[in-house]
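Asker: Next come the chains, spelled out residue by residue.
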Amino acid sequence: MDLTAMLSKVLIGNGLITAFIVIGITNLIAYKMAGLTKGRIHGSAVAIFFGLILAYIGGGSKGLATIPLFAGVGLMGGAMFRDFAIVSTAFGADLREIKKVGAVGVLSLVFGLITSWIAGVAVAYALGYRDSVSLCTIGAGVATFVVGPVTGAALGASSEVIAISIAAGVVKSVLVMILTPFVAKWVGLDNPQSAMVFGGLMGTTSGTAAGMAAVDPKLVPYAAMTATFYTGSGCLTFPSIFYFLTKAIFG
Amino acid sequence: MVIYGVALLAFCYLTGIFLGDVLGALLGVKANVGGVGFAMLLLIILSNKGIDSGWLDKKSQEGIAFWSAMYIPIVVAMSSIQNVVAALSGGVVAILGGILGVALGFAFIPILSRKKG
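Residue numbers (our numbering), protein chains in the order written: chain L, 1 to 251; chain D, 1 to 117.
Accuracy of the hints is not assured; some may be wrong.
Said to hold, decoys possible - Below, computed lysine to aspartate or glutamate pairings styled on EDC-like, alpha-carbon distance capped at 16 Å: (1) L:62 x L:160; (2) L:247 x L:131; (3) D:49 x L:97; (4) L:185 x L:216; (5) L:218 x L:190; (6) D:30 x L:131; (7) L:38 x L:190; (8) D:49 x L:94.
Don't read these hints as lab results, they were simulated from the structure.
With these hints in hand, go ahead and build the complete structure from the sequences.
Answerer: Right, dumping it as structure tokens:
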């Protein structure tokens, strides 16, 4: 009786269920490690960073899913479940809250998306990317680590570019968490109005929540109010308006 | 029932993706144009309607809330299946892009905060 062979048959035969355990353990370790930073760095950013490390360990074009034992992660993290889960996050957004956000909130959202697009496209172009699909996907990644892959998948970007876009989003998220307490005073981040602007400009929900909490926990809901709409607006505008804009400029 | 919420979410998802494909075809690009965004808009509108008029009860809402809670784990799974080995050469793009994005964001806070809503 070969127990190892039998076990791996069970794990491979039930790939998606195996993925739940793998990702569950990854999250557990990531959130425990984030806890050591006393909430300064949010667990989600650490977990996504761990995900990228797992992809590196897996090697190959499909990351961790290249290893047959972990192929189920490819289904869990594939386009279908990903987009389904992203759509579900819109649930809980209260239409009355949207009205409260007001003109400044909307304006900060618009500026947040435009500045991300500029930052991503400028850096990607400077470092040798020329096709509008890659440029726009990296710009979307600077918006957030979710808008990047959603845009990349919609436009048909390569997995390599999508990985870069996720990494750019994680870098931004972590930077917002760490830097916010230091620059808060300097940029006048001390009232509900500027907190809402901050949420709309930065967009990364985990980044703004953790960063804002380090400045003043009472302001977290204001920052979250606008940040909540950022990913949705990004998923709507990056594969459309921003893609056409990129195409118009770079062909 | 929990499945009602999941079904509503699935309906919004499929409708949004379909709209994105149709819009892509209309605009003559081989891409799904904003499908996920349309699906989110639809879910916001329908779930608000459903809660206000009572047909989306607590149990049904749990069906949507579960997937919402699975969002970060699924994003972690998504990260773990990317071609990171090939992307490493572009790691500088990710770091510089992230830094520039954050810098521009912070720079605009004082400018936009002064405007009155």
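Asker: A separate judgement is required for each hint: does it hold in the structure or not?
Answerer: Hint by hint, here is what the structure shows:
no.	hint	result
1	L:62 x L:160	10 Å, holds
2	L:247 x L:131	8 Å, holds
3	D:49 x L:97	15 Å, holds
4	L:185 x L:216	11 Å, holds
5	L:218 x L:190	10 Å, holds
6	D:30 x L:131	15 Å, holds
7	L:38 x L:190	22 Å, violated
8	D:49 x L:94	10 Å, holds
Hint 7 from the earlier list is the only one contradicted by this structure; the remaining hints agree with it.
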